[in-house]
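Based on the sequences and whatever the hints tell you, model everything.
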Amino acid sequence: MNKTSGESAMRSRVEDAVGLFKEGFNCCQSVFGAYSDLFGMDKEQALKLSCSLGGGVGRMREVCGTVSGMAMIAGLVCGNTDPNNQEAKTKNYETVRKMADAFKQEHQTIICREILGILEAEQSAAPEERTEEYYQKRPCVRVVATAARIIEETFPELLEENDRKEESSGQEEEMLPVLNEAGECIGKAERKAVHQKGLWHPVVHCWMYCKRDNQVWLYFQKRADTKEDFPGFYDIGSTGHVSDGETVQEAVVREAHEEMGIPIEEARLHYLGTMKEETKTDGRCDRELAYVYLYDLDIPFFAQGEEVSEIIAVSKEEIEKKELEGAAYIQGHQLVGEPVIIQNREWCWHEGEYQTLVKPFFDSCGI
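Residue numbers for the sequence shown follow my numbering, so the first one is 193 and each next one is one higher.
If you're looking for bench data, these hints aren't it; they were derived computationally from the structure. The beta-carbon is built from N, C-alpha and C at its ideal position, and this holds for glycine as well. Check the hints yourself; a few may be wrong.
[As the list claims (entries may be wrong)] Distance ranges between label pairs, derived from CB positions:
(1) Phe554 with Ala385: 35 to 45 Å
(2) Glu324 with Gln523: 18 to 28 Å
(3) Ile559 with Glu215: 19 to 29 Å
(4) Pro348 with Phe554: 25 to 35 Å
(5) Gln441 with Ala318: 52 to 62 Å
(6) Glu352 with Asp274: 19 to 29 Å
(7) Glu457 with Ser556: 12 to 22 Å
(8) Gly437 with Gln407: 36 to 46 Å
(9) Cys270 with Pro552: 46 to 56 Å
[Unchecked claim] Calculated lysine-lysine pairs in the BS3-like style (CA-CA distance at most 25 Å, straight line):
(10) Lys283 with Lys514
(11) Lys513 with Lys403
(12) Lys472 with Lys380
(13) Lys551 with Lys514
(14) Lys472 with Lys384
(15) Lys329 with Lys214
(16) Lys472 with Lys296
(17) Lys551 with Lys508
(18) Lys296 with Lys214
(19) Lys403 with Lys468
(20) Lys403 with Lys551
(21) Lys468 with Lys513
(22) Lys214 with Lys235
(23) Lys214 with Lys240
(24) Lys290 with Lys389
(25) Lys389 with Lys296
(26) Lys514 with Lys296
(27) Lys508 with Lys468
(28) Lys403 with Lys514
(29) Lys472 with Lys290
(30) Lys472 with Lys514
(31) Lys389 with Lys472
(32) Lys296 with Lys283
(33) Lys329 with Lys514
(34) Lys403 with Lys508
Below you can see the structure in the form of structure tokens.
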């Protein structure tokens with residue numbers, strides 16, 4: 193997908209937070225430490241100040257350390273120093289609540305043990321060793337990225353200087369077509385304005401499948417933890433915006449190549465129809481007209497791009513458990529063959545798209 197100057201500035205800070213966590217710092221240190229320099233704080237001092245709040249405060253699994261990190265940033269931005277200023281106190285608390293609500297929208301809770309699925313209290317204060325297995329089994333990287341993104345959505349002024357530097361380098365804001373509710377193009381606008389104002393705009397969704405050993409497999413991407421929207425969630429094979437001056441089919445081909453490394457053969461690409469999606473999150477309303485495609489893979493070979501952290505295969509039967517039966521979780525497989533259990537809440541939800549467009553195509557072809 194094309195990147196705007198504002199997104200570049202945001203992405204660098206989210207990556208900083210995720211990078212700190214992968215270095216071994218706890219969740220609160222990672223979130224707070226990624227922004228400490230914006231307030232003139234010494235990095236070592238910032239890491240010491242936030243270290244005790246990791247693991248849900250001293251590894252007691254109470255309030256998630258990333259939420260504590262967000263609250264600390266809110267204190268630096270809009271905290272009060274006058275004990276008699278009720279208005280300032282209220283504004284700060286309202287801001288913290290707003291950030292916590294945005295966090296809950298993605299993770300259902302702000303409590304560490306509930307995020308991790310821990311049923312009993314931790315008996316030891318000793319943290320686990322950071323291994324590849326640790327990062328695979330825990331959602332902490334995605335949670336850190338969520339908190340960092342919420343900070344930037346709540347306090348965009350923190351990154352204004354970075355934005356100005358990007359703009360001065362000559363990069364232009366991506367322009368998107370603007371549609372009316374009938375799907376007719378009525379103009380164009382900057383990507384940021386399209387999302388802020390809730391303007392209808394075109395996107396492409398490309399489902400991908402392959403028939404092997406009398407089994408139908410669909411392929412999905414796991415969005416990178418540094419993505420602005422829904423980091424770490426599972427999604428359709430490739431998705432993205434249609435840029436101004438670009439045809440829908442050109443966008444499908446481009447996105448499939450950028451995200452999945454697939455050179456699209458037009459004879460294998462099937463246009464299924466359109467779906468409207470309207471998603472409201474904190475501070476924005478995203479209204480999209482999705483042009484939906486299905487791609488028949490001859491050989492499931494991928495070269496994933498930087499916006500994709502993993503590609504998985506899911507059988508048609510398992511997908512239909514989720515899409516048609518509302519199963520709480522289904523089983524997929526990593527491309528190396530290892531099974532992976534995916535909960536329903538870990539998916540980017542494209543309501544009705546499989547039932548309305550994909551399944552009828554499969555049924556008509558006897559797939």
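| said: Can you confirm whether the C-alpha distance between lysine 290 and lysine 389 stays at or below 25 Å? | reply: 20 Å, holds
| query | Does the structure keep lysine 214 and lysine 240 at a Cα separation of 25 Å or less? | reply | 17 Å, holds
| said: For the hint 36 to 46 Å, verify it against the beta carbon of glycine 437 and that of glutamine 407. | reply: At 41 Å between Cβs, range holds.
| query | That 12 to 22 Å hint for glutamate 457 and serine 556 (C-beta), does it hold up? | reply | 21 Å, holds
| query | Hey, lysine 214 versus lysine 235, does the alpha-carbon distance stay inside 25 Å? | reply | At roughly 17 Å apart (the allowed maximum being 25 Å), lysine 235 and lysine 214 satisfy the hint.
| request: For the pair we were handed, lysine 514 and lysine 296, check the Cα-Cα distance against 25 Å. | output: 22 Å, holds
| Do the alpha carbons of lysine 513 and lysine 403 lie within 25 Å of each other, as the hint requires? | Holds: lysine 513 and lysine 403 sit about 19 Å apart, inside 25 Å.
| lysine 283 paired with lysine 514 [C-alpha distance capped at 25 Å] | 41 Å, violated
| Given pair status - lysine 214, lysine 296, alpha carbons within 25 Å | 23 Å, holds
| said: Given the hint of 19 to 29 Å, is the C-beta distance from isoleucine 559 to glutamate 215 inside that range or not? | reply: This hint is violated: roughly 46 Å between Cβ atoms.
| said: Between the alpha carbons of lysine 329 and lysine 214, is the straight-line distance 25 Å or under? | reply: 14 Å, holds
| query | Is lysine 551 within 25 Å of lysine 514, Cα to Cα? | reply | 13 Å, holds
In terms of the numbered hints stated before, the structure departs from hints 3, 4, 10 and 19, listed from lowest to highest.
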